[in-house]
Amino acid sequence: MIPAAFEYYRPKDMAGVLSILEEQGDDARVMAGGHSLIPMMKLRMADVPHLIDLQDVEGMSGIDLGAETIRIGAMVTQHDIIEHEPLASVAPILREAALQIADPQVRYMGTVGGNVANGDPGNDMPGLMQCLDAAFTVVGPDGQRDIPARNFYEAAYMTAREDEEVLTTVTIPMPIGGYAYEKQKRKIGDYATAAAAVQIVNDGGTCASASIAMTNLSDTPIYSEAAGAALVGTSVDDAAMSAAVAAMLGDIDPTEDNRGPIAFKKHVAGVILRRAIERAWSRA
Amino acid sequence: MSKKQHYKITVNGKEEEFLAEPRELLIYTLRERLNITGPHIGCETSHCGACTVTIDGKSVKACTMFVAQADGKDITTIEGIGGPDDLHPLQKAFKEHHGLQCGYCTPGMITRATKLLEENPKPTEEEIRFGMAGNLCRCTGYQNIVKSIMAAAAEMNAAKEATE
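Chains as they are written, first to last, in this note's numbering: chain A, 1 to 284; chain B, 1 to 164.
Honestly, the hints are just simulated from the structure, not real lab data. Be careful, since some hints might not be right.
[Claimed, not checked] BS3-like cross-link-like pairs, simulated, lysine-lysine; straight-line CA separation at most 30 Å: (1) B:K92 to B:K147; (2) B:K115 to B:K14; (3) B:K92 to B:K4; (4) B:K14 to B:K160; (5) B:K73 to B:K92; (6) B:K73 to B:K58; (7) B:K58 to B:K122; (8) B:K58 to B:K8; (9) B:K115 to B:K8; (10) B:K58 to A:K12; (11) A:K185 to B:K115; (12) B:K147 to B:K95; (13) B:K160 to B:K122; (14) B:K14 to B:K4; (15) B:K95 to B:K115; (16) A:K12 to B:K147; (17) B:K92 to B:K122; (18) B:K4 to B:K122; (19) A:K185 to B:K122; (20) B:K92 to A:K12; (21) B:K147 to A:K185; (22) A:K12 to B:K3; (23) B:K160 to B:K115; (24) B:K4 to B:K95; (25) B:K160 to A:K187; (26) B:K14 to B:K92; (27) B:K95 to B:K3; (28) A:K187 to B:K58; (29) B:K160 to B:K147; (30) A:K187 to B:K122; (31) B:K58 to A:K185; (32) B:K14 to A:K12; (33) B:K122 to B:K147; (34) A:K187 to B:K95; (35) A:K12 to B:K115; (36) B:K160 to B:K92; (37) A:K185 to A:K266; (38) A:K12 to B:K95; (39) A:K187 to B:K147.
Please read all numbers here as calculations on a predicted model, not as lab measurements.
Just need the whole structure built from these sequences, with the hints factored in.
Here it is, written out as structure tokens:
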């Protein structure tokens with residue numbers, strides 16, 4: 001498995017990255033941990049004549065906890081997320097999700113930025129970030145802009161990020177209430193057959209707000225506003241959960257593949273969402 | 001198209017300098033350029049973990065890293081963990097508890113396990129199974145691998161307590 005030849009760059013700052021992107025255009029791509037891109041290059045399904053390694057770019061590996069927001073640099077790895085105790089105490093759903101991604105070796109290399117920017121519907125962080133209403137900061141030749149995670153994904157591997165832009169930071173409003181990231185997979189390291197991210201607020205036994213997003217059940221992650229709305233104002237009883245599942249099933253659009261036929265995926269999506277809601281509510 | 005570049009990496013404490021194309025996978029650099037054949041090629045698709053090495057304190061699958069990314073890094077392979085005359089407690093435990101049959105996955109297993117025990121010196125059986133999930137074995141059914149790692153952890157902890 002030998003990839004096509006490429007020129008390799010390891011710039012030390014973002015200005016260096018952007019100038020190579022500008023110079024090489026579509027022939028250049030940035031790489032974070034490389035654990036999505038390198039396998040595709042080895043299979044020669046991705047051809048990258050100019051490969052820009054971000055590992056030495058300063059200021060992209062921080063986790064900053066503010067009063068109202070969490071800022072995660074794009075080069076923060078899944079391993080960093082799992083090991084960061086202060087982060088796990090304010091936003092435990094991040095650790096819960098990261099622990100379900102790939103395997104230990106991949107988590108040392110795989111980054112949050114790569115996971116959300118790649119646009120693979122199988123990645124877990126995009127749905128999670130939609131659930132948390134995160135924003136992605138991208139930097140390009142015309143400066144930087146923030147794109148809400150809920151508006152970022154257009155189709156498989158197609159996102160609102162332009163080719164000459166680099167995703168640098170994920171900003172998450174401080175999560176409140178109970179949480180769960182529930183994932184059904186065939187084996188450790190696999191992408192989800194179905195996964196659900198739930199963040200829910202309990203106000204004296206009544207659901208005050210609920211945010212629900214699903215992974216790998218469409219060609220993008222699916223933020224299901226209707227599923228969350230079905231829980232608000234209820235005591236999150238069986239009928240409310242059934243209504244949330246029905247609403248979610250109306251928003252997803254799974255396709256048949258080696259993880260199963262459409263009917264099976266819808267069935268699993270319902271089971272997983274129900275489990276996620278139950279667990280999140282028990283923690284709310 | 002792409003020219004050979006000059007790279008410098010440290011492997012098992014020894015500095016190595018050579019020319020290579022950036023696209024060369026680190027596992028080939030180790031095995032074919034530097035003749036360090038402990039790390040194995042199992043699947044070559046980032047699944048099996050037979051090529052696991054430690055790079056700057058991280059367990060990494062050497063089939064999923066270009067040599068260019070590894071430039072300047074400090075790498076440890078099974079050869080740097082222990083040899084026939086000075087077996088690491090994990091190597092001893094794998095031998096004593098039959099933690100291998102064909103042995104193909106063993107260098108990756110032990111290299112990964114050294115890092116696991118460094119991060120979590122007293123793991124439960126469940127934590128070992130989770131922490132070793134990136135390494136596949138097609139012979140043992142994992143039972144004796146888990147047993148070996150538990151035994152090595154106990155021995156390493158006892159030795160540590162004795163010196164304290």
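Here's how the hints hold up against the structure:
Taken as a hint, the K92 (chain B) and K147 (chain B) pair is honoured in the structure, with Cα atoms around 12 Å apart against an allowance of 30 Å. Proposed proximity of K115 (chain B) and K14 (chain B) is supported: the alpha carbons are some 20 Å apart, at most 30 Å. Between K92 (chain B) and K4 (chain B) the CA atoms are separated by roughly 41 Å; this puts the pair beyond 30 Å, and the hint is violated. Annotation: proposed proximity of K14 (chain B) to K160 (chain B) holds, straight-line Cα distance about 27 Å (limit 30 Å).
For the suggested pair K73 (chain B) and K92 (chain B), the alpha carbons sit about 28 Å apart, so the restraint of at most 30 Å is met. Simply put, K73 (chain B) and K58 (chain B) have alpha-carbon atoms about 11 Å apart, close enough for the 30 Å limit, and the pair holds. Of the pairs offered as hints, the one joining K58 (chain B) and K122 (chain B) holds, with about 19 Å between alpha carbons and a cut-off of 30 Å not exceeded. Taking the CA atoms of K58 (chain B) and K8 (chain B), the gap is near 19 Å; set against the 30 Å cutoff, the hint holds.
A C-alpha spacing of about 24 Å is found between K115 (chain B) and K8 (chain B), which places the hinted pair at or below 30 Å, so the restraint holds. Under the criterion of a C-alpha separation no larger than 30 Å, the hint pairing K58 (chain B) with K12 (chain A) is consistent with the structure, at around 22 Å. Distance check on the hinted pair: K185 (chain A) and K115 (chain B) sit about 26 Å apart at the alpha-carbon level, within 30 Å; holds. For the hint pairing K147 (chain B) with K95 (chain B), the CA-to-CA distance comes to about 11 Å; that is within 30 Å, so the pair holds.
This hinted pair checks out: K160 (chain B) and K122 (chain B) have alpha carbons roughly 12 Å apart, not beyond 30 Å. At roughly 22 Å between alpha-carbon atoms, K14 (chain B) and K4 (chain B) fall within 30 Å of each other, so this suggested pair holds. Simply put, K95 (chain B) and K115 (chain B) have alpha-carbon atoms about 19 Å apart, close enough for the 30 Å limit, and the pair holds. Annotation: proposed proximity of K12 (chain A) to K147 (chain B) is violated, straight-line Cα distance about 45 Å (limit 30 Å).
With a C-alpha separation of about 18 Å, the suggested pair K92 (chain B) and K122 (chain B) falls inside the 30 Å cut-off, and the hint holds. For the proposed pair K4 (chain B) and K122 (chain B), the alpha carbon gap of about 45 Å is over 30 Å, so the pair is violated. Taking the CA atoms of K185 (chain A) and K122 (chain B), the gap is near 28 Å; set against the 30 Å cutoff, the hint holds. Of the supplied pair hints, the one linking K92 (chain B) and K12 (chain A) is violated, its CA atoms being roughly 44 Å apart against a limit of 30 Å.
Distance restraint check for K147 (chain B) and K185 (chain A): the Cα-Cα separation of roughly 27 Å lies within the 30 Å cut-off, and the hinted pair is therefore satisfied. The suggested pairing of K12 (chain A) with K3 (chain B) holds, with an alpha-carbon distance near 22 Å, which does not exceed 30 Å. Restraint check for K160 (chain B) and K115 (chain B): satisfied, since their Cα atoms lie roughly 17 Å apart, inside the 30 Å limit. Distance check on the hinted pair: K4 (chain B) and K95 (chain B) sit about 42 Å apart at the alpha-carbon level, beyond 30 Å; violated.
Restraint check: the Cα-Cα separation between K160 (chain B) and K187 (chain A) comes to about 36 Å, which exceeds 30 Å; the hinted pair is violated. About 25 Å separates the Cα atoms of K14 (chain B) and K92 (chain B), which keeps this hinted pair within 30 Å; it holds. Of the pairs offered as hints, the one joining K95 (chain B) and K3 (chain B) is violated, with about 45 Å between alpha carbons and a cut-off of 30 Å exceeded. The hinted pair formed by K187 (chain A) and K58 (chain B) meets the criterion: a straight-line CA distance of about 23 Å does not exceed 30 Å.
About 20 Å separates the Cα atoms of K160 (chain B) and K147 (chain B), which keeps this hinted pair within 30 Å; it holds. Between K187 (chain A) and K122 (chain B) the alpha-carbon distance is near 26 Å, which keeps this suggested pair within the 30 Å criterion. Only pairs whose Cα atoms come within 30 Å are accepted, and K58 (chain B) paired with K185 (chain A) is accepted, the gap being roughly 25 Å. In summary, the hint linking K14 (chain B) to K12 (chain A) is supported, as the alpha carbons are separated by about 27 Å, within the 30 Å threshold.
Proposed proximity of K122 (chain B) and K147 (chain B) is supported: the alpha carbons are some 13 Å apart, at most 30 Å. Proposed proximity of K187 (chain A) and K95 (chain B) is supported: the alpha carbons are some 28 Å apart, at most 30 Å. A threshold of 30 Å between alpha carbons decides the hint, and for K12 (chain A) with K115 (chain B) the separation of about 29 Å falls inside it, so the pair holds. This hinted pair checks out: K160 (chain B) and K92 (chain B) have alpha carbons roughly 17 Å apart, not beyond 30 Å.
For the given pair, K185 (chain A) sits about 14 Å from K266 (chain A) by alpha-carbon distance, which is consistent with the 30 Å threshold. For the suggested pair K12 (chain A) and K95 (chain B), the alpha carbons sit about 46 Å apart, so the restraint of at most 30 Å is broken. Under the criterion of a C-alpha separation no larger than 30 Å, the hint pairing K187 (chain A) with K147 (chain B) is consistent with the structure, at around 22 Å.
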